[in-house]
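Novice: Letter by letter, the chains look like this.
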Amino acid sequence: MDSLMIPPVDLTLMAPLLVVITWATVLLLVDVFFIPDGRKKLTGYLAIGGLVVAGLVGLPLWGVTGTTFDGMLRLDPFALTLTWVFLLVGILSITMSLEYLPSQGIEQGEFYPLIMFAVSGMILLAQGTDLIVLFLGIETLSITLYVLTGFAYPRLTSEEAAMKYLVLGAFAAGFFVYGIALVFGAAGSTRLAEIGAYAASRGLGDLNLTLLLGGAAMVLIAFAFKVALAPFHMWTPDVYEGSPTPVAAFMSVGTKGGALAALVRLLFEGLPTLSEYWLPVLAGLTALTMVVGNLGAIAQTNVKRMLAYSSIGHAGYVMLGVMVAGEQRGPEAFIFYLLVYALSNLGAFAVLIALEHQGENAWRLDDFAGLYQRQPMLAVAMAIFMFSLAGVPPTAGFMAKFYALTAAWEGGLPWLALVGVLTSAVAAFFYLRVIIRMFMTEPAGEPAPALNRGLTVDIVVAAIGTIAIGLIPAPVFALVERSLVALGGS
Amino acid sequence: MELLIWLIPLLPFIGFLLNVFVIRREREAGLVASGLVAAAFVVTLIAVAMLAGMPPEERRIVSTAWEWINTGSFRVPFAIMFDPLTAVMALLITGVGALIHVYSIGYMHGDPRVVRYFAYLNLFVTMMLFLVMANNLLLLFLGWEGVGLCSFLLIGFWFERKSASAAAVKAFVVNRIGDAAFILAMLAVFAYFGTLNFYGDGEGGQLGFLERVSDIAGLRIGPDWQPIFVSTAISFLLLIGATGKSAQFPLFVWLPDAMAGPTPVSALIHAATMVTGGVYLMARAEPLFVASFTTQGWVAWIGALTALLAGTAAMAQWDIKRVLAYSTVSQLGFMVAACGMGAYVAAIFHLLTHGIFKALLFLAAGSVIHGTHDTQDMRRMGGLKDAMPTTFRTYVIGALALAGIVPFAGFWSKDEILAHAISHGHTPIFVLLFLTSLLTAFYMGRQVALVFFGTQRDPSYHPHESPQVMTVPLVVLAVGATIGGAINVPALHWLTDWLEPVLHEKAGEFNLWLALIATAGAGGMGYLGWWVYTSNAAKIKIGGKDPAYRYSGDIWKGMEEAWYFDRLYQRTVVVGFERLADFLARVFDPQGVDGLVMGVGRFFGGLANGVRALQTGYVRTYALVFTVGVLIVLGVMLWFAR
Amino acid sequence: MVPTSYYVLLSAILFTIGVLGVLLRRNVIVVFMSVELMLNAANLALVAFARERLAVEAQVLVFFVITVAAAEVAVGLALLVSIFRTKRTADVDEVSTLKG
Amino acid sequence: MDLILFFITAVIAITGAVAMLVSRNAVHSALFLLLNFTAISVMYLLLSAPFLFAIQLTVYAGAIMVLFLFVVMLLGAEKVEDAPDRIAWQQPLALLLGLALLVVSVVVGLGGATTPPPVGEALAQFSDPRSLGALLFTEYLLPFEVTGFILLIAVIGVVVLNQRGRKI
Amino acid sequence: MNQLGFPLLSLVLWLPAAGALALLFVPRANVELSRRISLVTMVAVFLISLLLPLRFETNPMQIAVVGAPPVMQFVEELPWLPIVGATYSLGVDGISLWLVMLTTFLGPIVVLSTWDSVHKDVRNFQILLLILQTAMLGVFLAQDLLLFYLFWEFTLIPMTFLIGIWGSQNRIYAARKFFLYTFAGSVLMLLALIALHILHRDAIAAVEPGFRGTFSFGQFVSDLRSGRFTLDTLTERLLFGAFFLAFAVKVPLWPFHTWLPDAHVEAPTAGSVVLAGVLLKLGGYGMIRYNLTLFPAASQWAAPALAVLAVIGIIYGAAVAFAQSDMKKLVAYSSVSHMGFVVLGIFALNTEGISGAVLQMVNHGLSTSALFLMVGVLYERRHTRELAEYGGLWKVMPVFAAFSLLVALSSAGLPGLNGFVGEFTIIAGAFRSPLLGWVYVAIAVGGVVLAAAYLLKLFRAVFMGDVSQPANANLPDLNQRELTTFTLLSIPIVVIGIYPALFFAGMQHSVAALVAELMAQVAGG
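Chains as they are written, first to last, in our numbering: chain P, 1 to 490; chain E, 1 to 642; chain Z, 1 to 100; chain A, 1 to 168; chain S, 1 to 525.
Rather than coming from a laboratory, the hints here were simulated on the basis of the structure.
Hints may contain errors.
Said to hold, decoys possible - Ranges of calculated distance between the beta carbons of each label pair, as one might list FRET restraints: (1) A:A63 <-> P:F34: 30 to 40 Å; (2) P:P475 <-> S:L21: 18 to 28 Å; (3) S:R382 <-> E:D215: 56 to 66 Å; (4) Z:T97 <-> P:W415: 34 to 44 Å; (5) P:P280 <-> A:P84: 34 to 44 Å.
To be verified - Pairs of lysine-lysine, BS3-like flavour, derived with a Cα cap of 25 Å: (6) S:K457 <-> S:K395; (7) S:K457 <-> E:K162; (8) E:K545 <-> E:K385; (9) E:K385 <-> E:K557; (10) A:K79 <-> Z:K87; (11) E:K557 <-> E:K541; (12) E:K162 <-> E:K385; (13) E:K557 <-> E:K545; (14) E:K162 <-> S:K120.
As the list claims (entries may be wrong) - Facing chain A, a subset of chain P residues (Cβ under 8 Å, in silico): (15) I143; (16) Y146; (17) V147.
Glycine included, C-beta positions come from ideal geometry on N, C-alpha and C.
Work out the full structure: start from the sequences and follow the hints.
Specialist: What follows is the structure in structure tokens.
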């Protein structure tokens, strides 16, 4: 028989991914064999090192555009920028876990490699240009997160959350696969580019629109599930609440970011010509998401759960950029929003972690009462995050929201921008509630929360970033803008 | 000359500043205040003399200090002027003012806040002078409200007394109602003339609106079915303003209450000067009023009705000052009625004489109060003529002047008004006014009888004559009240000639018959009043009813309460407004407006609970919702793809 | 030959039954089975389409799907075992403390 | 001939699926599902994909279903649905939705154009496992590798999820 | 760069923030030092800002021709957000000049008022005050819509904290209501900004390819006026509405006022002073600067209706104020009434109305601040704001009474004091406005009457009558600091009253240009 011709593989184009995945595998072994129990923090540091290295490895790739693995992976500035965001999210999440895990009695070395695997899944999503790669990327991310969600062992809610997540995730995966089948049935390929070419051939008469749209819809639904777009959001509050807080933090940005990155690729490389069909649907979902997410958060007295609902709402705002990613400002808005949201939200979760004590959680609003008097800096930082999430100037959250709304309006969705601002007015209510508790009520006599180094770093980085980007967003905008010159075509 | 006329208002103003910021001792305050007002009087005299030296047509000095308001086309200078009308007003203000200042030194002696008192008094004189010297409506309004403020301050001078503070607020607020109309009038003037200046500056610049009344001749505004002349609208609004300040029907209710202030204040502000502001305004805006036949009718009727109404009320009062207060309202009614009939000179004439003799009466009443240790109820007086002879004599002179007995000042001015009414065919007005003049004589007779004749009904105090610092002004004023009529006696009509450049009026004819009848009537009624109350002196008990009550019953009661107007306002307008405000504040605002806002909040809260309720915790429900989503997405996309 | 549409029809029926399984059954294991049924239905459709176009790739896809399904089931069952240890139940409705 | 075989198999597959859905015993469900999987593997044969037929039988019917049965037995979780359904209101709704979903999927699925059934050399190539294998290691090398990692993660996950119980 | 050659506006704008930064390094316990630093900063800002009116060209060389953008002075511009064309650009014109001066003038007064009233966490209080000062100045100075919005929204944060932390019993409710109400009111404005930006960019890009859009106020205006950028009627009205809503809530225009009494009642004295003194002015300023300038036709269209709201507010606010027994509430509702005048003046759409509105904003800032300070003085001494608790204080605190009377009269619009000039000019404008007319004015004048009623009611209840409560018998009169505060406030109150021309002169040119533009709109369409 013929010898197998392995197509040329340009590993440099997937260098960050490669670093993360290899490092994670090796770290797994190192952890098992060389790092004793009780010193698992070392694994964490090593994992951070790996993520940093991955980020550095990506530096020379700036501006490079290319595909490898027979066109299944694509490296472009869009993917690279997102990669960096994901690495940042990973680093921050690990940093806040270093002390969290031992304090909750769930310190296991595998945690860190698993986070790295999740990050690799996200990078795969950002780089993949084939439905099957996207499917695998999502599954990599999901399976890792199922495990991580169930990580807080003694807490039953953790397992409950994992179970719910898994059941619904598998359910969604079923739709994903069915969607792939239908799309394949129509287009005869799973490559986004080929699907795009096929979809663009409409008018030639051989377009099987129903089949293609049906399949595309199912794939979109699977992504919508990951992004937590209403009505596919139902898992989010429960899972966030149940999972270990750093994991929730990671998920709130990571899953969304990865799925959205893939969604951008799918929509604008695979289905740009069909936007008249999916745009209204996605716009409707987005509107519903903003409404449901922010409304759901109003009724919460559990801050963690409130943040979960708020993450649903924010998914809607990010979607404002994603949907119009065909325009110049869409992907910019998407990435900028994601970055800002990552900073603010991770910061908020870090504060949440700082309040948790051994084996117990402190997520009730009352636990925040008088925080300002107990830990002024912590309260101020939390206030910054809350204002940022609410989109009040001069925080970065405002700039992000502003840009997302601008993009949406430009993309021809002014009504959606209207829904966006109206829901953000609603959202101010529950963010403000946390602030009011912290600053304007008397402390309930709780001891001062213990801040450790990792958390401090997280909170300080996030707070400074939030304020700095809010005041002088131009450099970040410029970076994001330059990173996206290449998107849209191909 | 321009500088000189600025001195007139500035001198008292300096007194005000000194009293506010520098002077702390009672003695200095009185001297400085009186001295500066007296100086202003002297300056006014000089100015008048200089004015008299000019040809009659040019007797007007206008001086602008600075642009007060200048925005867009809306330009108002801070400008004063001096012309014959202003001159007589300024003389009255500074002259009577100076006397009252001097009198106050004695009257207010020992009061802890006497420095402040003189400051207010000085400020009042300043503002009053601005009122009469202003060359535009806005500056006039500044003085107008300024005197209102001083009136408020001085009525409320003894603010510890509840009645005083209530009266002060009432005076200010009621005046404000008239002022609101005044503001509207100014706006209308500005809208139709483009300026608020009375006269141009005489240097070929823009003319003032009083010189351009013909511009609006025939102009009408308002809906097509009921247009009114612009001149009517403006002058009517001014009339409402004047009814506030000059205590005319229907806004007269504040003046009797205003007697809660110190008596010299009543003399100066609530008799001689401030309340005449409305009359001055009408005289000043004479061309506007004359241009509107309708308004003139209103003016005349309002004046006459007020005169009668207040005259009847004055008859039934027990409080020595309230009698004078209602009498003032009544006399102001005379003046207003005169304006309404076109007898502006007569109005001003009466204003001047009334200013003198009413000040005299008030001061004398003050002397009585002073000498009886703050007794104001006439039922507790009686027989004071022996204890306070000077006061008694001056009081009688004042009463004779007010009653209109020859040859006292009041006779000439009142007679001129009545004569004008007859000769110009205003018969109903004449009847009302004549009736009033009879009543006037009656209640003055009554008062004199009650206060000075008979025996002292309340032995709890020892009446004594007032010190010289008080009696000397009384005497001076009494002289004025006696011979003041000379300035416009029919044969000489100096005042008419003097005011001719402003009011363009020729002297009326003296009606001898009328004069005779009026004097006889007044004399008779005055005697009747005196006789009734001296002969029935025994029936007057402290806290008791008037002897006349037996005969007239509830009518007397009605007169005592000034026909219940005050109470009517209290029960309808005031209570109505309070109820409305209360409703708005306690019900409508929190539950209506704010309730709507809160309703929005509750609405979202309800929606949020809906979202929460959907989040059942059962993963199968989540899958169900998921499936619904799938169907929607698929359905919509396929719908589009049809 | 059997027309592709027959297979697709069958696959749709099976897929729907799988969905119903998730919606209706409370036993976590059966729920997982239903998910497997959904994946299988999808695979069937995929192969049917592949046969129509003679595209071998689709078979590769099926291969990957089966693998991933296995991995997912493994994790799911492990989780179930872990939960069962404390909760003593495999009823999916029992894990419903997180809500609201 | 093919058509008859297809219908028989299809009926078996649907029966298996429905029976899995309705049987209240998890073991029965598993066995019915096994029946269904087997039927589907026969379908693969009908569709000229013999390799998948083998995979389906070994991996699904063999490994996964055994795993299911094993866990069911291990936990004794055959009958967990005896307690009354707390969200019974959902059942009719679910059935309704299922019906709708079926309609929609059928509409979608039958939207596909039918090309004439292929024959000959190409079909042989299609059904040849070797071409599949070749693809797996050339074009689909990356997914293949990733699948490996997914399995690795799954293994770690299973370990992580179950070892700690013992530790603590 | 500008007529001074150095960035004066930036200095004025950021100096308070710098002071706040410096305060961060003061130990929390050193209360006195924090206050002093804060005071020194505020005074310095005021003194520096004095250069503005001194060097302000009342009649700039550039003659305002119809179609030209508003002439700004002391202009500064730096790139800020090039990707959307937003710049850091500052400037003042005759309209903002006096509002800036009002803000800087009230700064030291506010700090002075905290000396006796704020004892909790003093340093942070001062920090928030200083930050708030920067934010408010930013709103007046910003000449870029995005920058403006940034400052606009940011004012909420320090104010919310001031109310929520240092307020009285119900402070949380008030703080939340304040924040949410005003935030919700202004979100639509953000959308309108974006819409404007994009519509403008699309319009200009059609002529100048490669144009990336802008947020520059000046450019919007000049393009709108030159006709390079036009809005169709519906769009213009919608945008107008979006902007207006934000401003109306802030002003607050009836019926959007209900947050105000709560916020005022609960806020500490300094907070109330800032709120009434400056924060409400942001709304009025916004209406003039943005609504009238950007959307002249829509302004014409909406003016009668909005003026109706304004007039309702005048009467309603006055009536409700009259019924209050809580002093702060009374003053708060009086703000509703007074700001109703401002809105009425603005929508008279003529020179008199608008310049009267600007002056009235300054007046209201002075008078109402002083009224709140007055309430504060009493509250510090007696810890109650109920009218019934007071009486006869004229005897006990004569100096205080004198100042209070002055302030009350100024607020009631006594001629010779500042309030009258503003109100009168406004109603003169409204009377002459072809859009409004005498009916509006006739009702609005009722507000003048009622103002006297409720303010004298307040004055009488507090100062007149006998000293009924023994606790009031020995209240100390104003101390040196309070005396300084009131004296400082009284100076402009009197000066504006007798020589308003000084203030009108500065704004004349800007207002005239604005009105000319509005008139051109009428003529043109």
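Novice: Would you mind marking each hint as holding or not holding in the structure?
Specialist: Status of the hints after comparison with the structure:
1. A:A63 <-> P:F34: 30 to 40 Å: holds (34 Å)
2. P:P475 <-> S:L21: 18 to 28 Å: Taking Cβ atoms as reference, P475 (chain P) and L21 (chain S) lie about 22 Å apart, which means the hint holds.
3. S:R382 <-> E:D215: 56 to 66 Å: holds (58 Å)
4. Z:T97 <-> P:W415: 34 to 44 Å: This hint holds: roughly 39 Å between Cβ atoms.
5. P:P280 <-> A:P84: 34 to 44 Å: holds (42 Å)
6. S:K457 <-> S:K395: holds (17 Å)
7. S:K457 <-> E:K162: The given pair, whose Cα atoms are some 13 Å apart, holds under the 25 Å limit.
8. E:K545 <-> E:K385: The hint holds at about 23 Å.
9. E:K385 <-> E:K557: The hint is violated at about 29 Å.
10. A:K79 <-> Z:K87: Satisfied, since the Cα-Cα distance of roughly 15 Å is no more than 25 Å.
11. E:K557 <-> E:K541: holds (17 Å)
12. E:K162 <-> E:K385: violated (32 Å)
13. E:K557 <-> E:K545: holds (10 Å)
14. E:K162 <-> S:K120: violated (40 Å)
15. I143: The hint holds - I143 (chain P) has a Cβ within 8 Å of chain A, the shortest such distance being about 5 Å.
16. Y146: holds (7 Å)
17. V147: With Cβ-Cβ at 4 Å, under 8 Å, it holds.
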